[in-house]
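Asks: What follows is the residue order along each chain.
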Amino acid sequence: MKKKILSLILVGLMVVSLLAACGNNGGTQQPSGNTPGNSSAPSTSDEKVTIEYWQYFYESKVNLMDELIADFQQKNPNITVVQKHFPYDSYQQKVAAAISAGTGPDIINLYYGWVPKYVKSGTLQELPASSFSAEMIEKTFAPMVEVNKIDGKYYTIPTAVRTLGLFWNKDIFAANGLDPEKPPKTLEELVEYAKLLTKYDANGNLEIEGLTFQPSGQLHAWFRPVLLKQFGQEPISADKRTVQWNASEGGYKAFEFLVNLAKVDKVGEKDFYTDDATAFISGKAALHIDGSYRLGSLKSQAPDLNYGVTVLPSYNGVETSFGSFWTNGITTNATGAKYDAAVKFLEYLTSVETMKTWTEKIGEIGAKNEIANDPELLKDEKLAPFIEQLPIADSYFYVDEDADRKALMDAIDKVLLNDVDPRQALDEAVKSVQSILDDYWKN
Amino acid sequence: MKPKLSIKGRQSMWAYIFITLPILFFICIRILPTLYAFNVSLHKWDLLSKNKPFVFLDNFKELFQDEVFWAALKNTGKYILFAVPIGLILSLGIALLLNSITKGASFYRMVVFIPYVTSVVAVSWVWRWMFMKQGGLINNILNFVGIAKQPFLDSTSQAIYVVISNVIWQALGFYTIIFLAGIKQIPQTYYEAAKIDGASSWQRFKNVTIPMLNPTIVYLTVMASIQTLQVFTQVFNITSGGQGIAGGPLNSTISVVLYIYQLAFVNYKMGYASAATVILFLIILCISLFQMKVLDKKYDY
Chain A
1 MKKKILSLIL VGLMVVSLLA ACGNNGGTQQ PSGNTPGNSS APSTSDEKVT
51 IEYWQYFYES KVNLMDELIA DFQQKNPNIT VVQKHFPYDS YQQKVAAAIS
101 AGTGPDIINL YYGWVPKYVK SGTLQELPAS SFSAEMIEKT FAPMVEVNKI
151 DGKYYTIPTA VRTLGLFWNK DIFAANGLDP EKPPKTLEEL VEYAKLLTKY
201 DANGNLEIEG LTFQPSGQLH AWFRPVLLKQ FGQEPISADK RTVQWNASEG
251 GYKAFEFLVN LAKVDKVGEK DFYTDDATAF ISGKAALHID GSYRLGSLKS
301 QAPDLNYGVT VLPSYNGVET SFGSFWTNGI TTNATGAKYD AAVKFLEYLT
351 SVETMKTWTE KIGEIGAKNE IANDPELLKD EKLAPFIEQL PIADSYFYVD
401 EDADRKALMD AIDKVLLNDV DPRQALDEAV KSVQSILDDY WKN
Chain B
1 MKPKLSIKGR QSMWAYIFIT LPILFFICIR ILPTLYAFNV SLHKWDLLSK
51 NKPFVFLDNF KELFQDEVFW AALKNTGKYI LFAVPIGLIL SLGIALLLNS
101 ITKGASFYRM VVFIPYVTSV VAVSWVWRWM FMKQGGLINN ILNFVGIAKQ
151 PFLDSTSQAI YVVISNVIWQ ALGFYTIIFL AGIKQIPQTY YEAAKIDGAS
201 SWQRFKNVTI PMLNPTIVYL TVMASIQTLQ VFTQVFNITS GGQGIAGGPL
251 NSTISVVLYI YQLAFVNYKM GYASAATVIL FLIILCISLF QMKVLDKKYD
301 Y
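Protein sequence lines correspond, in order, to chains A and B. Following this note's numbering, the numbering of the first sequence begins with 1 at its first residue and continues without gaps. Following this note's numbering, the numbering of the second sequence begins with 1 at its first residue and continues without gaps.
These are calculated hints, taken from the structure and not from any lab test. There may be inaccurate statements among the hints.
Residues from chain B shown here face chain A by an in silico Cβ test under 10 Å; the list is partial [as the list claims (entries may be wrong)]: (1) D46; (2) N143; (3) T156.
All figures in this text were calculated on a predicted structure; none of them were measured in a lab. In this text, a Cβ means the ideal position worked out from N, Cα and C, and glycines have one as well.
Let the hints inform the model, and build the full structure from the sequences given.
Replies: Next up, the structure:
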C-alpha cells in the first residue's frame with residue numbers, strides 16, 4: 001500500500017514539475033521583454049528608451065549595424081538599440097509570426113517588394129511628415145523609392161539601394177577577338193556579342209554561355225521594368241492597379257526578345273552551372289546581368305576572375321536599370337517615447353554619412369541622389385556603373401514578389417519547354433499577376 | 001472504508017493512470033491542432049493581418065477553382081499510382097530473393113535497407129545532380145551509349161518520374177524488410193503440402209504466399225499510400241527552382257503538401273492552406289478506409 005501511495009505521489013510530482021517547467025519557460029522570457037524604459041509615457045529628455053531593430057542575417061550588414069548602433073547610442077545616450085537578426089530563409093516567417101502575436105520589432109528591415117503586404121496588414125506606421133515628408137523623400141532620394149508610395153503615403157525608407165549592371169568576362173572577350181575593354185552598349189550589340197561568345201561542343205552541349213539566362217535570377221528584373229520600358233511599355237499603370245506587360249505591341253516584343261535569347265539565339269541556358277551567378281563566377285559565362293551585391297561574392301569566390309562591370313545596355317535610346325532595396329519601417333509596436341526614438345534612429349540610418357559608410361562596406365549604394373555625384377565613391381570603377389544608374393533606375397511594384405516572379409518564370413517555361421506562343425504565355429502571366437493585384441486592392 | 005477494487009480493477013486503474021500522460025500529450029499536440037486547423041480553414045486567415053474574418057466555405061470554393069491545387073492533386077495521384085504499386089512489387093520480388101539465399105543473408109538485408117536510413121534531403125540532392133541536364137551522371141551515360149541528352153528535371157513531362165524514382169528507391173528497403181518478415185512467418189508445412197499435391201512454384205506463390213501475406217500487403221499499401229500522399233521532401237529538394245520556389249517547371253511536380261507549405265509559409269494564407277489540409281485529410285481518410293475494406297479480405301486457411 002505504501003508503495004502505491006509513493007508512486008502516486010511520484011506521478012503527481014512529475015505532472016506538477018512538467019507544468020512548472022512550462023511556467024518557468026514563460027517566466028524567464030519575461031524580463032528580456034520588460035526592459036527599462038518600456039513605458040509608453042510621453043518622452044522626456046532624460047528618460048531611457050530601448051528600441052528593437054530587426055534585419056535578416058547578412059554578415060557585413062549585421063556587423064556594420066552593430067557599429068552604427070554604437071555610434072548612434074553615443075550621440076543619443078538615452079536610447080538603446082537592440083539589433084536582432086534571423087537567417088534569410090526564416091526571416092519572413094519570424095517577422096510574420098512575431099507581428100501576428102503582437103510582439104516583434106520597433107524598426108524593421110524589409111525587402112521593398114514585401115512592403116505593400118505589411119502596409120495592408122496594418123503593421124507599419126506612416127513615416128512622420130516632420131522628418132520624412134513625401135516632398136522631401138521625392139526630392140532627395142533616388143526616384144526608385146517612389147515604388148513604395150502607397151495611397152500617397154510613405155511607410156518605409158531605405159539606407160541603400162541596388163541597381164543592375166552588366167558584368168563581362170574580359171578573358172572570354174579577348175579569346176574571341178573582342179576588345180576586352182569594350183562591353184556592349186546597346187541591346188543589339190549585346191545580342192551580337194553574346195552570339196559570338198557562345199560556345200557549344202561537338203555533341204551540342206553548351207560550354208560557354210554568351211549571356212546568362214536564369215529566369216529565377218535577375219532575368220525577371222531585367223524584363224520588368226528595364227526591357228519593357230526600352231520597348232516602349234510601362235510595366236504597370238501609374239495608379240499601380242493594372243499590369244501592362246502586354247498592353248501594347250512593345251510589351252510582346254520585349255517578351256519575345258527575352259525568350260528568343262534562349263530559344264532562337266541560344267546564348268544561354270536555364271540552370272547552366274547551377275545558376276547564372278555560379279556560371280559567371282566559374283568563368284563559364286561571358287556576359288551576365290546582376291546587382292552590385294554580387295561584387296562581394298565575386299571578390300571572395302573568384303579573386304582571379306578578370307571581369308568588368310558596366311551600365312545596362314540601352315535600346316531605342318532608353319537608358320534605365322532596375323533598382324531594388326531593403327527598406328526600414330516603424331511598426332505599430334513603437335508608441336510614445338519608443339516611437340520618437342525610432343524616428344531618431346531612422347533619421348540616423350538615412351543620413352548621408354551613414355549612406356557613405358554603407359556604400360563602402362556593403363556594396364549597396366546610398367539611397368540619396370547626392371551619393372550618385374560623390375567623387376570618392378565613383379573612384380571605385382566596379383561600383384561606379386551601379387552608382388551612375390541611381391538617377392535613372394526604376395523599381396517595379398510587387399504585391400507578392402514570389403507569385404509575380406513565378407508568373408513570369410512560368411511564362412518563360414511555357415515558351416521554352418512546351419512551345420507555347422510567346423504572346424499567349426505573356427497574356428496568361430499578366431492574367432495571373434493581375435488577379436494578385438486585384439486581390440490586393442479589393443479591400 | 002473505501003470499497004476495495006478487484007485485482008483486475010486495480011490493474012486497469014494503473015494502466016489508465018500511466019496512459020493519461022501520453023494521451024494528454026497526444027491530445028495537445030495532435031488532436032487539438034487538427035481541430036484548430038478545421039477552424040482556421042473557415043477563416044480568411046492572413047498571418048500578417050490582425051483581423052481574420054470568418055468566411056465559412058469561401059476558401060474551399062476558391063480552392064476548387066485553383067489550377068495549381070488541381071495540378072497538385074493530379075500530381076499526387078500520379079505519385080501514388082506509380083510509386084506504390086511499383087515499389088511494392090519490386091520489394092516483394094527482392095524479399096523473395098532475399099528469402100531464398102542462405103549465405104550472407106544479413107549482409108544483403110543490410111544493403112537493401114540502407115537507402116531507408118539515409119537522409120532524404122541528401123539523397124534528393126544526389127538525385128538532382130545525377131539528373132542534371134548539364135553534366136549530370138545519367139546524361140553522361142546516355143551520351144556514352146549514343147542516346148540524345150534528356151532534359152529530365154527541366155521537362156514538364158519527365159521531371160515527375162525522376163522524383164517518383166527517388167521515392168521508390170528510398171522506400172524500397174523498408175517495404176522489403178516488412179515483406180521478408182511476413183514471408184518468414186508463413187509455415188513451411190503449407191509449401192510442403194502444396195508440393196506433395198503437385199503445385200508448381202508459381203501456383204505455390206499465387207495460392208500460398210500471396211494469401212498468407214495479405215495482412216502485410218494491406219499494411220504496406222495503406223502505409224505507402226499515406227506516405228506518398230504526403231510526399232514533400234523529395235519534391236522540394238529535387239525540383240526547387242530559384243529562391244525557394246519548388247514544384248518543377250510549370251508546377252509539373254508539385255504535390256499537395258508542398259502546395260500547402262507554399263500557401264502557408266510563403267504566401268501566409270493560413271486559412272486557405274488549412275482548407276487544402278482539410279481536403280488532404282479527407283482524401284487520406286477515404287483512401288485508407290477504402291483500402292482496408294477492399295484489400296483486407298478474409299482467407300480460410
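Asks: A closest beta-carbon separation below 10 Å is what the hint needs, so does T156(B) meet it against chain A?
Replies: holds (5 Å)
Asks: Using 10 Å as the Cβ threshold, decide whether N143(B) counts as touching chain A.
Replies: holds (6 Å)
Asks: Is the interface hint for D46(B) satisfied, with its Cβ closer than 10 Å to some Cβ of chain A?
Replies: Check passed: Cβ of D46(B) comes within 7 Å of chain A, closer than 10 Å.
Comparing the model with each numbered hint stated earlier shows that all of them hold.
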